[in-house]
Structure formats: C-alpha cells, structure tokens
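Line by line, the protein sequences give chains G, E and U.
Position 177 of the first sequence, counted from 1, bears residue number 217 in our numbering, the numbering being contiguous throughout.
Position 168 of the second sequence, counted from 1, bears residue number 208 in our numbering, the numbering being contiguous throughout.
Position 36 of the third sequence, counted from 1, bears residue number 76 in our numbering, the numbering being contiguous throughout.
Please keep in mind that the hints were generated in silico from the structure rather than gathered at the bench.
On a predicted model such as this, the values are computed, not experimentally measured, just so you know.
You may find that some hints are simply not true.
[Claimed, not checked] DSSO-like cross-link-like pairs, simulated, lysine-lysine; straight-line CA separation at most 30 Å:
no. : chain 1 : residue 1 : chain 2 : residue 2
1   : G       : 224       : E       : 208
2   : G       : 224       : U       : 208
3   : E       : 224       : E       : 208
4   : U       : 208       : E       : 268
5   : G       : 224       : G       : 268
6   : U       : 268       : G       : 268
7   : U       : 208       : E       : 224
8   : U       : 224       : U       : 125
9   : G       : 268       : E       : 208
10  : U       : 268       : U       : 224
11  : G       : 208       : U       : 224
12  : U       : 208       : U       : 268
13  : E       : 268       : U       : 268
14  : G       : 208       : U       : 268
15  : E       : 268       : E       : 224
16  : E       : 208       : G       : 125
17  : G       : 224       : G       : 208
18  : E       : 268       : G       : 268
19  : G       : 268       : G       : 208
20  : G       : 224       : G       : 125
21  : E       : 268       : E       : 208
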Amino acid sequence: MTLDPSVRWGSNVIVGQHAVIEPYAIIGDDVSIGHGVVIKEGTIVGNRVTIGDLSVLGKTPSANKKKAVKPTAELPVLTIGEGAKIGSGCVIYRGVTLGVDVLVGDLAGIREQVEVGESSIIGRNVAIEPHTVIGSFVTIQTSSYITSNMIIEDGVFIGPCCSTSNDKYMGRGDYPHLGPVIRKGARIGNNATLLPGITIGEGAMIGAGAVITRDVPPYVTYVGNPGKPLLERRENE
Amino acid sequence: MTLDPSVRWGSNVIVGQHAVIEPYAIIGDDVSIGHGVVIKEGTIVGNRVTIGDLSVLGKTPSANKKKAVKPTAELPVLTIGEGAKIGSGCVIYRGVTLGVDVLVGDLAGIREQVEVGESSIIGRNVAIEPHTVIGSFVTIQTSSYITSNMIIEDGVFIGPCCSTSNDKYMGRGDYPHLGPVIRKGARIGNNATLLPGITIGEGAMIGAGAVITRDVPPYVTYVGNPGKPLLERRENE
Amino acid sequence: MTLDPSVRWGSNVIVGQHAVIEPYAIIGDDVSIGHGVVIKEGTIVGNRVTIGDLSVLGKTPSANKKKAVKPTAELPVLTIGEGAKIGSGCVIYRGVTLGVDVLVGDLAGIREQVEVGESSIIGRNVAIEPHTVIGSFVTIQTSSYITSNMIIEDGVFIGPCCSTSNDKYMGRGDYPHLGPVIRKGARIGNNATLLPGITIGEGAMIGAGAVITRDVPPYVTYVGNPGKPLLERRENE
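The following block holds chain G by itself, in its conformation from the complex (with noise of 0.2 Å):
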C-alpha cells in the first residue's frame, strides 16, 4: 500500500494489504482498513470505524451531460462518523456524511451529498441517490432503492427490496425533480412502490407490495396497487 506522508494516520489502525490510501485522507484512532480498499482523496474516517474489504470511499462524481454535477472542488470529503462499520465492496462518494455508529451494508452504493443520521443502517446492495438526507435510527434493509431529493425522517423502517422515484414524467422534458418524503417511524414492507412526491405521513404503515401513488396519512395502514387504505380494502371483498 502506499504510504504517502500526506495522510494523516490515527494510533493503532490495521490496513489490508493492496489497499490504495490517498493523498491527505485523515483516519481516526483505532480504524481497521480492509485488503485492497481504496480510501479517495481528503476523505475522513473517524476514529473506530471499520471498513470491509474492495470497498471504494469517496469517489468523485463524473461529469454527466444529462444533469449538472457539481465540479469536485465544491463537494465536501466524504465524512465517516466515529464507530461506523462499512461493509465490503461498497462504493461511497465524496460529499457524503455518515454519523456515528452508521452501519453500511456489503455492495451499497452512497452517490454524493447524501446525510446520514447517527445508528441507522443501510442495508446490503441498497442504492442511495444523491441529494437524499436520511434522519437518524433509520433501517433500509437489502436491495431497496432510494432514489434523489427524498427525506427519511428518524427512526424510518423500509423493509427490504422497496423502490422509489423521483420523476413523474421518466425522462421526457426539464423539471424538478421530487422524491417521496417519510414522516418519522413510518414504516414501508417490502417490495412497496413509491411515486415521486408523495408524502408518506408519520407512523404510517405501507403493505408489502403495496404501490402509493398519493399521500398517505399519518399513523393509517395502506396495501395493494393502487393503495388503499387496509379498512377499505376489508368492506369491498
């Protein structure tokens, strides 16, 4: 690996072998780095956190014709809170923050400028989209897909393989774009669908499966494609 003096080295870290640390990343006390990880550039690792092996931390966003990504130079480093446990083979991107004790899943995938809150947990071969900010004491298990421009209030639960979006027109004309929003202590079964906009309201349940297409209120339990509210469905069968 190599050792480039501008790395800023904690006490007591384990570095895998054939693990590429760049210049001017800053790794806390007591970090162990897996065999063959890349730590990108300036990125920050806090003190405790453990890294699984070939996974790539903060990686730079490539230009894309289609939308505007911002140049390098105005995105923050990627930060790792203290104690965080990042699985293997995940790719992170700079302009990322994740709080203390954030547990992130082998093969996810983090884009740039997304939040995450302290203790909550991405799940295995989950997909974060950029602009996203998740609160804290959140679970998104395996395979879900979050996509840009939502907001996961605290102490959300989205079971495993659900899928979002963010573009009610798919591709066709120049809007904005607007992702779901998840009220605090919602909680989404898997396979849910959600579409663009919509507003999923606190304590709110969405069935496995279920596809909502339109605001949910708080603390009501919504199934089936369309949703419905679970009562209604009851007196039509």
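Following the hints, complete the assembly by docking chains E and U onto the known chain G.
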C-alpha cells in the same frame, strides 16, 4: 500475493495477481483463484472450484447492537464444495456451506449460517440473509432477495427480483423473525413478494408480480395483489 | 501492475495501483483506469474512456451444464466505445459492445453478447443478461433487471427496480426463452414487472409497480396488477 506457509495448497492451483489468501485456508486441487480475491482465515475451498476476480470469501460478520451475532469463534469456516463456481465481486461469509457444483453469480452476497445444496444456482446480485437453508437443484435467479430464517426445499425455482421478508412488525418489538417456507418444486414468478412466515406448498406456482399474504396450497397457482388462486380471479373478471 | 509488452497502450493513459491489464488488451488515448481494475485478455478500450476502481472488464463466461454457453474462442472481445464512462465495482463480460459515450453505473453487471447503443445509460446495480440488444439514447435506471433475449429500442426509458423475465414455464422443459420487446420511446415506471415474450408498443407508458402480462399497444398507458389500460381502471372505480 501472500505465500503464507500456514495455507495448505492443493496441486495445480492458479492464483491471480494481488489476491490475498489468509492463514489456515485449505485450497484443493485444480482450483482457480481470480485477481484481487480475498480468502479469509480458515476457508476450505474444494477441488476444481473456480473463483472470479475481486470476490471476498469467508468474511466474519461484524457485531451488531440490535441483533445477537454469534462470535466468530463459534462460527464454522466457509466451506466450498467440489466443482463449485463463484462469480466476481461476491461477498460470502464464514459459516456458509456451499454444496458440490453450486454456482454463485457475480456480485452475490451470502451471509453466515446458510447452507446451499448440491448443484443449486445462486444468481447474480442475489442477497441471502443468515440462518437460511437451501436445498439441492434449486435455482434463485438474478437480484432476488432471500431473507433470514427461510427454508427453500429441493428443486424450487425462484425467478428474478423476488422479494421475501421475515419481520411481521417491521422493526417493532422483540419477537422471533420467520421467513417463508418454499416446499419442493414450487415456482415463484419474477418480482413476486412473499410475506413473513407463509408456506408455499409443494409444486405451487406464484405469478410474476404477485403479493402473497397467506399460505398457498400445493399444486395451485396464485396471482395478483393480494395473491389469490388464478381460477378465482378468472371467474371474477 | 503488469506492464505486459503485448498490451497496446495509447498516449496519456492513467493506470491506478494494483490494476491488472492482461495480454493483448488495446487501450486508447487519454484513458483513465482506476485502482484494482482487472482488464481481461484482448479487451478493446476506446479513447477517453474512464474506468472506476475495482471493475472487471472482459470476463469470460464459465461453462454451464444447463445452458449452452459459447466457448471463449468464439466470443468476440469486449469493446468499449470512445468516451464511455464505466463505474466502480462493475463486471462486464467478453462479447459485449458498448457504444460511444455510454455510461455504466457502479456495481452494474453486463453478460456476454449484449450490445448497447450510443449515449445510453446503464444505471448502478443494473444486471443485463446475455443476448440482449439495447438501442441508443436508452436510459435504464438503478437496480433494474434486463433478462436475456430482450430487444430495447432507441430512446426507451426504464425506471429503477424494473423486472423482466424470459421463461414462461419457470425452469421446466426445454424450449426457447424469450424476453420482452420494448419499442421506441416507451417508458416503464419503477418496479414494474414485465412477463416473458410480450411487446411494449412504441411510446407506450407503464405505470410504477404495474404487472404487464400481455402486449401493450403503442401510445397507451397501462397500470395495475394485472396491468390494464389506465382509462379502463378509472371507469371501473
């Protein structure tokens, strides 16, 4: 790569560049190991196994505040049966047993305490959670999600992008998690959703995109959201 | 890294640490290759291509008892068009042709004998199976699954987490597999499910979470499970 003297090497082994083979691994005859592969301590690789580039084999689960994860010392090593083929970019944990001639696609993840029977296929991008038992001659196609505490019997066919769950109350309270049981020869269509604790009967068939909320009897076909017998839906239309 | 004399190097190539470039690869001018990248034998990389860290390019499919896989010798090499951008952690096979300015997201997998036209976007975590043809200016968003033997025409938009299938009898018997055909400019909502062999007409629109079991005519919108014309559903409600 590391030529650790504690690794036991079979004859005719090919090892890629920058691979890391940790101590006490046991590598069979005629094994092929790709570039950048990480094989963790003690992993047992059978004869004629091939391993794609940049896979991680034998990973130890990290401790988790919420769930009790067995200490490493108690987990048996990863054992890969003769003739198995492992893809590229996979992450497979300690405490997994893969049978003879199992095929694991690229970018698949298999957590600890999972057994996979002879000649089964774990597709690309599939994620399998802990404590699940998969029989022989099972096919799990690309990007499907297999939750923890599932039983999948011999000859089951699971199409692509299927989703399962094991947590009826979605993160609330302290109770046992129970995944679905899929009996012999049952077939699950692509992107179907299975709820916690249900049983799919022997030889049953689940339509693509169906959401299965209750037990399905043997040799019948369920479709729709919520899933109902195919015949019933036809009569209602 | 290997400085194999049989590799043909363009001018102004940047190669990351621990990258492996196998013999007979042809690397264009102004190419950027990330850390730990594996470029397999004979792969052709066009001018101005960028390749993220830890990707595998030009992988040879392994033999498979069930399906006849073409011997390597018959598969053409992987060809990456000028200006294409390949993400991190990708696995792309031999026998793939990526057009000019194609963008492939992180952790995407593309199997052998796939063609992708000019300026198309293959999202993060997308999996594409063998023998599929994708036109120009196509967008396939994050985590969608494209089965084998599909045709996706120019300008198609596929939202995130869509699922397709090609196997009507789910693993029983010996018959040709046929994926869906998606005609010019059609748009597919997120987490939609397409059954084998159907055709989505030119300019048609499929709602998020819809399950499409039969052909969809041009320029109409289908929603629901099973998918029906949007107008029809509205009249029934």
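We went through each hint and held it up to the structure:
1. G:224 <-> E:208: 19 Å, holds
2. G:224 <-> U:208: Judged against 30 Å, a Cα distance of about 42 Å means the pair is violated.
3. E:224 <-> E:208: 24 Å, holds
4. U:208 <-> E:268: This hinted pair holds, its Cα atoms lying about 19 Å apart.
5. G:224 <-> G:268: Distance ~20 Å between residue 224 (chain G) and residue 268 (chain G) Cα, so the pair holds.
6. U:268 <-> G:268: 18 Å, holds
7. U:208 <-> E:224: At roughly 19 Å apart (the allowed maximum being 30 Å), residue 224 (chain E) and residue 208 (chain U) satisfy the hint.
8. U:224 <-> U:125: 24 Å, holds
9. G:268 <-> E:208: Roughly 19 Å separates the two Cα atoms, so the pair holds.
10. U:268 <-> U:224: Judged against 30 Å, a Cα distance of about 20 Å means the pair holds.
11. G:208 <-> U:224: OK: residue 208 (chain G) and residue 224 (chain U) at ~19 Å, within 30 Å.
12. U:208 <-> U:268: Since the Cα atoms of residue 208 (chain U) and residue 268 (chain U) sit roughly 20 Å apart, the hinted pair holds (cutoff 30 Å).
13. E:268 <-> U:268: 18 Å, holds
14. G:208 <-> U:268: Cα-Cα ~19 Å, so holds.
15. E:268 <-> E:224: 20 Å, holds
16. E:208 <-> G:125: Cα-Cα ~27 Å, so holds.
17. G:224 <-> G:208: Holds - the C-alpha atoms of residue 208 (chain G) and residue 224 (chain G) are around 24 Å apart, at most 30 Å.
18. E:268 <-> G:268: Roughly 18 Å between the alpha carbons, so the hint for residue 268 (chain E) and residue 268 (chain G) holds.
19. G:268 <-> G:208: 20 Å, holds
20. G:224 <-> G:125: Answer holds: residue 224 (chain G) to residue 125 (chain G) is near 24 Å, not above 30 Å.
21. E:268 <-> E:208: 20 Å, holds
Violated hint: 2 only; the structure is consistent with all others.
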